[in-house]
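Got chain B sorted already, so can you dock chain A onto it with the hints?
For the record, the sequence lines run as chains B and A. According to numbering that gives the first Met the number 0, the first sequence is numbered sequentially starting from 0. According to numbering that gives the first Met the number 0, the second sequence is numbered sequentially starting from 0.
No wet-lab data here; the hints were simulated from the structure. We put the beta carbon where it would ideally sit given N, CA and C, even for glycine. Keep in mind that the hints are not guaranteed to be accurate.
[As the list claims (entries may be wrong)] Taking CB as the label site, the calculated pair distances span:
#1 A:Arg174 / B:Asp150: 41 to 47 Å
#2 B:Pro383 / A:Arg13: 27 to 33 Å
#3 B:Pro300 / A:Glu41: 52 to 58 Å
#4 A:Thr272 / B:Pro338: 32 to 38 Å
#5 B:Arg384 / A:Glu253: 55 to 61 Å
#6 B:Asp150 / A:Arg13: 43 to 49 Å
#7 B:Glu133 / A:Asp165: 38 to 44 Å
#8 B:Pro300 / A:Val275: 44 to 50 Å
#9 A:Arg13 / B:Thr70: 46 to 52 Å
[What the hints assert, rightly or not] Just so you have them, the derived chain B footprint on chain A, three or more residues with Cβ under 8 Å:
#10 1 to 14
#11 185 to 199
[To be verified] Taking beta-carbon pairs under 10 Å as the criterion, some of the chain A residues facing chain B (in silico):
#12 His134
#13 Gly138
#14 Val171
#15 Ala282
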Amino acid sequence: MKLADDLAVEAFRAEFSAFLDAHLPTEAEARERSRSTAHVPGWARRWQRTLFDAGWLLPGQPPEYGGRNATLPQQLAHLEELARRRIYHSFNPQGLGIIAASLITFGTEEQRRRWAVPILRAEITAALGMSEPEAGSDLASLRTRATLDGDTFTVDGQKIWTSGAHDADVLLAFVRTDPDAPRHKGLSALLIPTDTVGVVRRPFGSIAAQEDLDFNEVFLTGVRVPRENLVGPLNEGWRVANGSLGHERTLLWLSYAERLEDLLRDAAGAGAGQEWYATLRMDLTALRLLGYRQLGPDRDPAGISVLKLLGSEAVQSATLHALEAHGAEALAHPARTGPYHHMHHEHFITSWFERYARSFAGTIAGGTSEIQRNIIAERILGLPR
Amino acid sequence: MEFELDEEQRMLRRTVRETVAKVRGRSEEQQWETYLRLGWLEAPPLELALILEELGHAADPTPFLATATWFAPLAGRLPEGSGTAVFDGTGRYVLDADRADEVALLTPGGVTVVPGADIAAERVAVLDPRLHIAHVGAGDLAVGVPDLALMGLAATCVGACRRILDLVLDHVKQREQFGRPLGSFQAVKHKAADMYVAVERARALTHFSALTIAEEDPRRGDAAHMAKAAAGECQRVVFRHGLQLFGAMGFTWENELQYHLKRAQACDLLLGTASVHRKSLLAS
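Next up, chain B with everything else stripped away, as it sits in the complex (with noise of 0.2 Å):
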């Protein structure tokens, strides 16, 4: 246990650091926003093109697919940097993150070719369908059948909360291709095509404002969807589901973090004298540590869980404190709480209830915090189930 960062991490930080000072797009450069989290405006995919092409976009993986081949504690250090100045690396952050990792670790040489490394340029944007009217928290439950005739899928069915399915050019779609199996065991992958016949998309309005697009319903009605479309084997589904999520879940937490340190400046005021401010540093400090005992080998998958439920929940609980202490003012909506980052979203320097609802997506997407807890009192603390 030591403060300081290995040298090889420091290296690393450093020369990320100077990458980015040297090709970070300028404020007029980067002036039209990104309306949903698959549309990305030209300047943010020549932005995403040039992280991929310098092997700055997922560190991680090999250079064929945007990284250096970085160690844990390295790509903790480039999403670090990337927090600390306020940076989107993608626009697209479901695509890069879930869809194009997990085409990586279960999708053909074909695959790959074909969707992963489109998505990873911002050629392409793509959105991922597991949600279904009746399948939230309980994914293995979902319905959307997809029946296979030859070399062709049949899809018939719905996905809900399918986040920026509309300005998508394809899914990832889990969906039922033996329903005879138990729930967990007939579930497939399947990459289809937004504008094949029979997708229609229906995009939603969120609490925050009813011209906020960004949910969607997905209709699939007769969907027909060649069978080299299937990513990992047939009715190997849940598998992958599982290490699609999991692709991000490691470092989620440093979202949270960097909400908690927006927190920090923006409710400074505030906050001056108040106990909740001194809570809210607690937490971003235990949440950095706790975050960095996950690089080491006391990784535990469970652990994760814990960080979940620690970063969001502290999120909710100080932007509640900062809504309530701005009193009458905090009324005031659409308004502005935190400084312009041109290179980031802007719904983080939103209204203070803005801020308060979303964080509501912390403690509800992404397996709610009431999953959460039974996943640390059954996996980690041995409760029966």
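Frame of chain B, contents of chain A only:
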């Protein structure tokens, strides 16, 4: 930064656990002699945090905590025998003042070490029956709480909280009601998970405090406040959920849960509660 215990530290933790389990039930004097013989009092801050967590887990009855984290940092040396210190300016509720061989007093003119026998110390009855707490009749005292003393109480508190969680988990796994183990009810699971997260958070901040003391990092003052505050917050969650989940069985003198609840509570109350240290953190 690297926040993993190294192999030697893991080994130390194992040794401490085994030793503490072995000497449990022996006399206080025998336990104390064992700790001295193994050199635990000379342990550097991070190793001390590991030792204190295990002693907290065992509701240790010896004057180890006060000797290692109250006397030593103030006097700048280990005492002959056991020691304690008065550094909060009050002389009230001083750990082990009634039985320490040497007492370090912080005065406006600096630190004075006096033999314990020369101090007018009066043991007071407190909630934790295994703790020695005394009022010291000394005038002209100053305030200067060492970071190590806050870290020591935090580590002890984390150990006590971990013990409470261990006991609760055993209980809810075994006890059945309505034909199911209590631990299979989600209301129980969620409380247990919150206790676990509170312990992990407090332990991380305690280790950070120990690390900043060891490396003489400028953040060590803040880190000590964070550790003490987090341990106090942890104690609140763990006390409340722990006693609640144990049901009526935890409410008796005959169940060992009481010792650990009281040790955890005492660690929060000594040298400033969580709230006091959150305020100190804001002022820094």
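*Could you tell me which of the numbered hints above are not met by this structure, giving the numbers in increasing order?*
1, 3, 5, 6, 8, 9, 12 and 13
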